[in-house]
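Model the placement of chain B on the given structure of chain A, informed by the hints.
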Amino acid sequence: MGDAPDRLRLLLADEPVLVGDHPHSGGALQRLCRTVARQLPATGVAVSVLSLDGSVVATLASDPASTAIEEVQFAVGEGPGPEALAARRPVLVPDLAELGRTRWPGYGPAAREHGVRSVFAFPLQVGAARLGVMSVHRDEARALSPAALADALVFADLAVDLLLDGQQRVDSDPASPLVNDLLGAGFVLYQAQGMVMVQLGVSLGEAMARLRAHAFAENRPLGEVAADVVARRLALQADRPVAGTEGRIDPPATEGS
Amino acid sequence: MPISAERLAQVFVRVADTLVDDFDLLDFLHMVSVETSSLVDVRDAGLLLADHRGRLQLMAASDERTQMLELFQVQTVEGPCQDCFRGGRAVVNADLRAAGDRWPRFAPRAVAAGFRSVHAFPLRLRQEVIGALNLFGEDVGAMDPADMSIVQALADVATIGLLQERALRRGEVLSEQLQAALNSRVVVEQAKGALAQIHGISTDEAFIVLRDYCRRHQVRIGDIALAVVTDPTLHPKLTTPTH
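Just so you know, the sequences run in chain order A and B.
Heads up, the first sequence is in the working numbering, so the first residue is 10 and it goes up one at a time.
Heads up, the second sequence is in the working numbering, so the first residue is 11 and it goes up one at a time.
These are computed hints drawn from the structure, not numbers from a lab.
Just so you know, even glycine gets a beta-carbon here, dropped at the ideal spot from N, CA and C.
Hints are supplied without guarantee of correctness; some may be wrong.
Claimed, not checked - If the Cβ cut is set under 7 Å, some of the chain A residues that face chain B in the computed set are:
| id | residue |
| --- | --- |
| 1 | A137 |
| 2 | G195 |
| 3 | M204 |
| 4 | Q208 |
| 5 | G210 |
Extracted from the complex, chain A is given alone in its bound form (with noise of 0.2 Å):
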């Protein structure tokens, strides 16, 4: 149980880089959404990228037809996703028939056209930092068994983490223990992200940036440095550029490159 994100992440690590896949944190969403659908198991797997104003920036998937199927939701406006991103928590959907008309009128038809028989969506959120949201398909008509819910929620811890990395350590050590420091640390970590939110004008996401990256420059645990903060024994510089908590998500490289 505890050990659920070290087992999922060697996953991931473990999870091939195919020709095409966007370069950097998009590249990574990608491995993670097909590590998503191979575990749980599911379809299809996709993660809709948020910028600050809540509008879509990306959409990375297992596949291209869970672009298509994730993208529905947005240009129409409706959905587990944007549903999971308002409400802020997940949207579980085990039988899309059960649903009927009234729901989502203009999602359910063009899901079901797309095969989508059963649907999940979770929000990719630290507190009121929205980052994102996954959306996990089936071809067929069944709910996530209790074990693949739990994992599905860890992958979103992990995606998040992917989200906050942004540009940085890209490439980074599955056996770095970022993704433990961020479930470890506790609550002083969400009251130094309140506090450095409203010191440097940041948002809530950017504040979590810079705590990991302040964290990661001193090698010291993120736990410590919020503790700090909480303490007002550290104040975070405002003018130490982070890469982008936008997750600003490159195009995959052209071909012959």
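Okay, now just chain B, sitting in the frame of chain A:
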């Protein structure tokens, strides 16, 4: 002191009201914590739920000062809640000073915080233990068996509160609600930090400011905390520096 039937009935009426009205999970669990600590002879009570990683997370407590938060946090790895969660049975400790071997990290910290006894009751859902109701007492001594039954009933009530939506026959809704509540807690901590920075106060003081504001304006702490960190202009009285 025995709990009066009248007092107990009042608690259950409050619980029933909460279940019928506009339901907010964090507020409900906070209410159960506060009622438990005032009903039974303990100083503080807290409710923890296991997240998707199987780690116990504090959802609500009668006292949310940093010192108490730390005592709950230690119990993600060791302590009465951990034992209760794993064993599925109530854990009663009559004298924390004798518990140093059992809980080498938790016991000394609890004693340093002024407690002498601690108990944990399981939140049971069908065959599973999904969390714990944690009590801290200032006096040495085990709990009265009659009180133990009542506290277990309160723990069961907390679990019922998690199931209050009729649609919740499916496991999905419970998971969704739990994730929402876990995230909401994070937002409250983020808001504490933001308010601490805005007003130049400690995070404990910031929590009091936040709670007082919510009580005065009859609004949910989860909603206000969210506004503090996403759109502070909505609540200028709360988010404008006071000096």
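Going back to the hint list, which numbers does this structure go against?
Structure breaks hint 5 only.
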